[in-house]
Every structure is written in C-alpha cells, then in structure tokens.
Amino acid sequence: MKKPLLLTAAIAMASSAATAETLRIPHELGFGGSESMDPISPQRFYEAIQTVYSRLVRQGEDGRPSPDLALSWEATPDAKEWTFKLRPGVTFHNGNAFTAEDVAFSLMRTQSETIDSPTKGVMGIIDHVDVVDPQTVKVVLKDSHADFPLLTMDYRIKMLDAETCGGDLDALCESGNGTGPFELVDLDALGTTTMKRFENYYGNRAGVENLELIAIADQDARVAALQAGQIDLVYSVSAEQVPLFAGNPGFTVQSVPSGRWVGLVMNTQEAPFSDPRVRKAIRMSADRDALGKLVYGKGGYIVSCDHPVWTGDQYRKEIDCGRDVDGAKALLSEAGFADGLEIELFVSDISEGAVKMAEVLQNQAKDAGIEIELVPAPADGYWGDVWMKEAFFATGWSQRPADQILNEAYRSGVAWNETAWNSADFDAKLDSARSELDFGKRKKLYGELQEELWETGGSFIPVHLNITRVLSSKISGLPPVEGFSIRYEDLTKNGSGS
Amino acid sequence: MRKLIATIASKPSGALGLGLTLFHLVLAVLAPWIAPFDPTVQNADAILLPPNATHWMGTDTLGRDVFSRVVHGGRLAIAVTFSAAVVATLWGGFAGIFFGTVGGRVDEYSMRIADAFLSMPWLLFLLLIISIGGAGPLTIIPTLGFFYGVAVLRVVRGAAMQISARDFVTAAKARGEALWPILTREMFPNLSDILLVEGAMRWSWMLLAFSSLSFLGFGATPPTPDWGLMVAQERGLLSTAPWGVFWPCVALSSLIIGINLLADAVGKALGLDRATAAAV
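Chains as they are written, first to last, in our numbering: chain A, 1 to 498; chain B, 499 to 778.
Hints are not guaranteed to be accurate.
[As the list claims (entries may be wrong)] Interface residues of chain B toward chain A, partial, derived using beta-carbon atoms under 10 angstroms:
| no. | residue |
| --- | --- |
| 1 | Gln540 |
| 2 | Asn541 |
| 3 | Ala542 |
| 4 | Ala633 |
| 5 | Pro635 |
| 6 | Leu636 |
| 7 | Phe716 |
| 8 | Pro720 |
| 9 | Glu732 |
| 10 | Arg733 |
| 11 | Ala739 |
[Stated by the list, open to error] DEER-style ranges, computed between Cβ atoms:
| no. | chain 1 | residue 1 | chain 2 | residue 2 | range |
| --- | --- | --- | --- | --- | --- |
| 12 | A | Asp326 | B | Val527 | 34 to 44 angstroms |
| 13 | B | Trp531 | A | Gly191 | 48 to 58 angstroms |
| 14 | B | Ser751 | A | Ala171 | 53 to 63 angstroms |
| 15 | B | Arg610 | A | Ala20 | 51 to 61 angstroms |
| 16 | B | Ser751 | A | Gly124 | 53 to 63 angstroms |
| 17 | A | Gly327 | B | Ile503 | 52 to 62 angstroms |
| 18 | B | Ser737 | A | Thr192 | 20 to 30 angstroms |
| 19 | A | Gly191 | B | Ser751 | 32 to 42 angstroms |
| 20 | B | Leu626 | A | Gly191 | 23 to 33 angstroms |
| 21 | A | Gly229 | B | Ser751 | 28 to 38 angstroms |
| 22 | B | Leu528 | A | Asn422 | 52 to 62 angstroms |
| 23 | A | Asp62 | B | Ser751 | 46 to 56 angstroms |
| 24 | B | Ser737 | A | Asn422 | 40 to 50 angstroms |
Worth flagging that the hints you see were computed from the coordinates, not collected in a lab. The beta-carbon is built from N, C-alpha and C at its ideal position, and this holds for glycine as well.
The following block holds chain A by itself, in its conformation from the complex (with noise of 0.2 angstroms):
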C-alpha cells in the first residue's frame, strides 16, 4: 500500500513542479510608469490587458474573427443590427458571473467622452446595447456595417465586470478583474507586473502558473535579456539582430508576415506641416524598397504607400509610390520652400527601426533639398512626452482591419489621430465605407480613403513589417501568428502544460 501513495506522491510533485513555470515576457514601459489596466485608457497596459481580459470576438490563427465569450452572431440583412449569442457559465477573476449587462456596459463605455478612449472613433458607430436575456446582446448600430464583428475583435474592446466598474460608464476601470487565463497578482509597471493562472477560464487551462511581465524600455537591452534567459520572448527583433539567434538551439525564430509598421508623422496642423504639398514632397524624396532593405533587410518588410491598410487586408489598395526626387524640389518650391527645408524630427528607440528609418529618410531627403535633424528622445515616457505633443515624430502601430485604423487613425477628432488630420470629406467618405453593404463598392471606397492618405495625408508609413520573433526553445505552443492572434493560456514552458 505504501509503494502506490509514495508513487503518487512522486508523481504530483513532479507534476507540481513541471507546472509551476513562469513565463517571462518583456514590456516596453512606453507610458513611462503610468500605464493602465483599463484597457480603453489611452495608456493601456497592453501586455497586461492582452493576457487578464477577454474580447467577445478574437482573432483565429488566420487572422479572421473566431468565437471568444461570443460563441456565435449573426445581422439583420441591413446590418445594423448585431445579435450576439454568449457563452455560459463564464466568471470573472472574483467570483462574479459574465452576463449580458456586462457586455453592454464595456462597450457603451467606450463611448465616453470623459474618458476619451482611443476606440471611440471606431466604436462610435454603436448606438445602443440590448439586454435580449443574460446570454443574448443585439448591439444596435446608428447605420450598417458589414464588418462589425472586426471591430470587436480590437485589442481593447475587453470585458470588464459591471459590478466592480461601479457601472459608471464614464470612469476608468483599472481593477484588474477579467475573465482572461490569467489574473492580476502585482501590478508594477515600472517593474514587474505578476500574474497567477485562473483555475477557472473558460479555455484551456493556461500552461504556465505563472506569468511576469518584466518593464525593459531599451530594444537592445531586451534582446540582452533573451540572450541572458532572463526573459522567454521578444516580440520582434530587428533584422541585424536574426543572426544573434539563428541556428541557435536554445532560441526559436519565427517570421510572421503582419499588417505592424513603423513610421513618422507629421502634424498636418503645424507649419511647415500644414501644407499638403510640403508633406507630398517629404514622401516622394523617399526611396521606400531601399530604405525597407537598410532598416529591415531582405525579405523584412513589403513597401506600402503611406496609408496604414496592409497587404493581407482585404481593402488594400495599391498605389505607386515610386520616388521622385525631381517632383519632390517642384513642390516643395511652389510651397515657397525653393531654397530647401529644414526641419525637426523627432525620434526614440520605441519600435524596431525608428530611429534608422529616421536616419535613412534623413540621408534620402538630402537630394531633394530636405534636411532633417534628429532629435533624440528617450524611449521611457515616449508616448506620453513627445508622441502627438512634436510637430514630426516616429511611431508604430500594430496590425488593425482597414475600417477600424482608418476610423482609429484618420477620423476627425479621435484620441489617437496622430496627423491632427481634419477632413469632413474624408469623415463622410468614412461613414459610406463602413455602412456599404456591397462588398465591391465599399473596397472602392475604403481604396479611395488610401489614395487620399497618400496624395494628402500626413502619415510617412514607407513599409509594412514581417515581424520577426525570437522566443526561447523552452517556450512552446506560440505558432508564427500576428501580436493579436496569440494565446497566452496555450503557451507553454519546459512541457509545463498541463
């Protein structure tokens, strides 16, 4: 009798021990310290957010809408009107039950105006969320859209718990308490955010017990820390840097074609920014493959246009954006600048390659008689301190649908309208793309929106990125998928999972 029990004993400390794993995940500190976990906040706590809520529609490994805490949904043939059906049996982190109610607090908070989200612009189509019964929402829209559950799926339209959001729709929410594998232990954005698994997800049970997410602001700083096993992943690494762990068997690299892009914007609201003809001239003096080639290396990136829709969105329009140094000095003289323009550029080790995409465009404006001087800016506090506050300055963006970053990005007045851009044209056109139920005329819409962008806007987005991951080979379950299609509860570590 006692040989059983030691063995079974045996066997549950093994167990124990292969389960008790940590993952270890990097986060860029891009808000400095003050990030949040409300997840409409302007300054989500992204990696913590991704990991504690749950959306009611994800992304599948293909990128296309897959069910989350919405097991199904379905339109009226007019498309306003979209009845989603929830999954039961659900509870939050505390104990409580998901419901309806809860579904149609999160989203209409994203309306707020007090709070100011980001998710405005694009959820603003809402116009009211019906209780039908504790397991049916019918979110009604103000006009149709085709492609609602898309937006759904955005990174921040999470779940929150009514009760403990107090039900006021105009205030943030940053208790933490989530229906996602895994829940909040310490929060520390400055250094290391801990979270534990929940015993009660709805999913698979998460592989690893443990998840830490570790504040390093410095892109070198973090590939030295995969290198050093202090951290199990990062999520792109830079094309010189492939090498330092290529045929390393201790690393596994994956390349995963994305819509994500570096780029630098100028505020079409500030001289000598707001003439269109200066902010033409500035992406014509740009040689895009070669500065894909310098930046992200062979095979690193597919050129785009300055508009933000990438190659695998079905409404991507393709436009030549060949560079024309000649035609670049033309208007850059009949803006009154035939003597040359200096300006200011703003930059910071925030995303892979801002600061060499600066220094190339830099290099490459020369010929047109554009000199750039950078400006420096730390990588910590970024997003708060520089980002939309300088006239021209880098960014970064992570792969979005065509509707949700055109209206995210691009719409008049929204929190995250980095170019300042203000078009009522441009807004109505918008509104047609998104309430056309015919698919051939809203892509001809949604191409024209690009078009625009390119002859006007104030977005310098030369390239579209594969992003390249390195993650450590005791990580496993983490298939080469785009940021927004990963499962963190599949994830495992050392055969951690259970």
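Model the placement of chain B on the given structure of chain A, informed by the hints.
Same frame as chain A, now just chain B:
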C-alpha cells in the same frame, strides 16, 4: 618649447603619448582626404560586411564604411572637448589663482561651494542642462567647461596658496602692488605649468564625457560620425558584428591614453608630480 618636446619624447611613455595625440589631431584635420568613402553614405547592398579589402574595418548596419566613420569620428569630439577644456582651464585657473591668493573668508566660502559642486553627480546635471538647452556644441562646451573648471579651480587654488606664501609674493604685497598685478605677474607665471597639465588632463576626461553623452543620445546626433554614437548604434551586435563597436572604442581609447601619457610627460618635464599636484 623645443626643449620641452625633446624631454617629453626622450621617454617611451612620453613619446607614445605625443605620437598618439598628434596622430589623432592629424587624422581629424585630414579626415576628408584620408577617408575612402563619405562617412554618411548608406548602402543597402553592403550592410554589416566584415572587414575586407574595400572596407578595411567593415561596414555598419546602414552599409556605411566603418573606417571612414572612425577617421571622421573624432572631429566633433576633439573640437568640442578641446574648446571646453580651454574654457575650464581659463575660468577654473583664474578663479583658483584668485582665491588661493586672497585667502580668508571669501576663499573659505567659495571652496565650500566648489566642494558642493564636486560632490554632485555631474553626469546627471549634464543631462539635465543638455535636455533643457539642447544637444548642440553651444550648450555642451560651456556646460562641460563649467563642471570640469570646478576641479581645475580646486587644484590650482591649492597650488596658488603655496605660491602666495613665498617671499616674492610677500614682497610684492609689501611694495603695495595691487591685486591684479600680483595675480598676473607673480602668481600666473608660476602656475602656468600646472594649468597646462590640468588642461590636458581635463581634456582627456571630457573626451570620455562627450562620448558618454553621445552614447546616451545627448551629444552628437545622426548622421554625424562620432565614436560614442557609433558604439551606441552598433552595441547590440557585439557578438555578430563586433567591428562596428571595436574600432571606435580603439580610436577613443588610444586618444585618451595618448593625452594622459602626454600630460604625465609634460608634468614630469616641468618638474610636477601629478600624483601630489592633482588633488581632485
């Protein structure tokens, strides 16, 4: 002067210091004619090439010739730090001579203020001032000059106190000479050798400080070829493409070693012992 140079060159360490310093100065002046490539030209087809017949020190992450950038890399640093060293030596030296000569409460209070400055984390103050004033030479030269001038002041003041106790200074005071003639005719000629050595020493330290600033993004800005900036830009590739970091480090180290050896040799040639003269 010839005798001084001959004395310096007679010792191996002095000859090495003089040679290294002159080598770098000549390199900085003649860089445009020595460098085989434009140090700012990027080449997408020549990224991170190891040293070869065309690119003797290899290429960096933007395909630029590392040798050309190393040759140009000392120009800004040398110009800025030499200017700052002159500023530091002039104000620190004059203030040191003045306080060492007048003594009394003015000297006591001033030295406490100087001690307070010396106890401050100077790099943080530098970063603060440069953050406010910008990263250009017009901010960096006076800032470096001021902070390093405090150390010069402390050393020169100590030496000036010894000189001011000598008979010829006492005699000048007894003759009723004004303070200015005493400072310029009696004190300065007897402290000029210390000033020279101090200036050289502070210059080498400033080179390191300026390169540190560039490394941190507060000194030279892209695309300026600068040793500190080059190390910062290529530091993540030490294990795969070390040439981008190695050569600028060699250049910076050799110049600093050269100036230090030269300052030592000058001090010895002038009969100074740096170990006792340099109190800070």
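Do the hints match the structure? See the list:
1. Given the 10 angstroms rule on beta carbons, the hint for Gln540(B) holds: about 5 angstroms separates it from the nearest Cβ of chain A.
2. Residue-level restraint check for Asn541(B) holds (minimum Cβ-Cβ distance to chain A is 8 angstroms; threshold 10 angstroms).
3. Here the hint on Ala542(B) is kept, as its CB sits about 4 angstroms from the closest CB of chain A, short of 10 angstroms.
4. A cut of 10 angstroms between beta carbons decides the hint on Ala633(B): the least distance to chain A is about 8 angstroms, and the hint holds.
5. With a cut of 10 angstroms, the hint placing Pro635(B) at the interface with chain A is violated, because the nearest CB-to-CB distance is about 14 angstroms.
6. Checking Leu636(B) against chain A by beta carbon gives a least distance of about 14 angstroms; that is not within 10 angstroms, so the hint is violated.
7. The beta carbon of Phe716(B) comes within 7 angstroms of a beta carbon in chain A, closer than 10 angstroms, and the hint placing it at the interface holds.
8. Proximity of Pro720(B) to chain A holds as hinted, the smallest CB-CB distance being about 5 angstroms (cut-off 10 angstroms).
9. About 9 angstroms separates the beta-carbon of Glu732(B) from the nearest beta-carbon of chain A, less than 10 angstroms, and the hint is met.
10. With its C-beta approaching chain A no nearer than about 6 angstroms, Arg733(B) sits inside the 10 angstroms limit, and its interface hint holds.
11. Of the supplied interface hints, the one on Ala739(B) holds, with its beta-carbon coming within about 7 angstroms of a beta-carbon of chain A, less than 10 angstroms.
12. At roughly 38 angstroms, the beta carbons of Asp326(A) and Val527(B) sit within the given window of 34 to 44 angstroms.
13. The hinted range of 48 to 58 angstroms is satisfied by Trp531(B) and Gly191(A), whose Cβ atoms lie roughly 53 angstroms apart.
14. Between Ser751(B) and Ala171(A) the C-beta distance comes to about 57 angstroms, which sits within the given range of 53 to 63 angstroms.
15. A beta carbon spacing of about 58 angstroms between Arg610(B) and Ala20(A) agrees with the range 51 to 61 angstroms that was offered as a hint.
16. Look at Ser751(B) against Gly124(A): about 59 angstroms separates their beta carbons, and that is inside 53 to 63 angstroms.
17. Checked against the given bound of 52 to 62 angstroms, the beta carbons of Gly327(A) and Ile503(B), roughly 60 angstroms apart, stay inside it.
18. Evaluation of the 20 to 30 angstroms hint for Ser737(B) and Thr192(A) yields a pass: the beta carbon distance comes to about 27 angstroms.
19. One distance hint, 32 to 42 angstroms for the beta-carbon pair Gly191(A) and Ser751(B), holds here, with the actual separation near 35 angstroms.
20. Restraint check, Leu626(B) to Gly191(A): a C-beta distance of roughly 24 angstroms satisfies the suggested window 23 to 33 angstroms.
21. Distance hint check for Gly229(A) and Ser751(B): the Cβ-Cβ separation is about 31 angstroms, which falls inside the suggested range of 28 to 38 angstroms.
22. Checking the proposed 52 to 62 angstroms range against Leu528(B) and Asn422(A) shows it holds: the Cβ atoms sit about 54 angstroms from each other.
23. The beta-carbon spacing between Asp62(A) and Ser751(B), approximately 54 angstroms, falls within the hinted interval of 46 to 56 angstroms.
24. Taking the beta carbon of each, Ser737(B) and Asn422(A) are about 48 angstroms apart, inside 40 to 50 angstroms as hinted.
Hints 5 and 6 from the list above are not met by this structure, while the remaining hints are.
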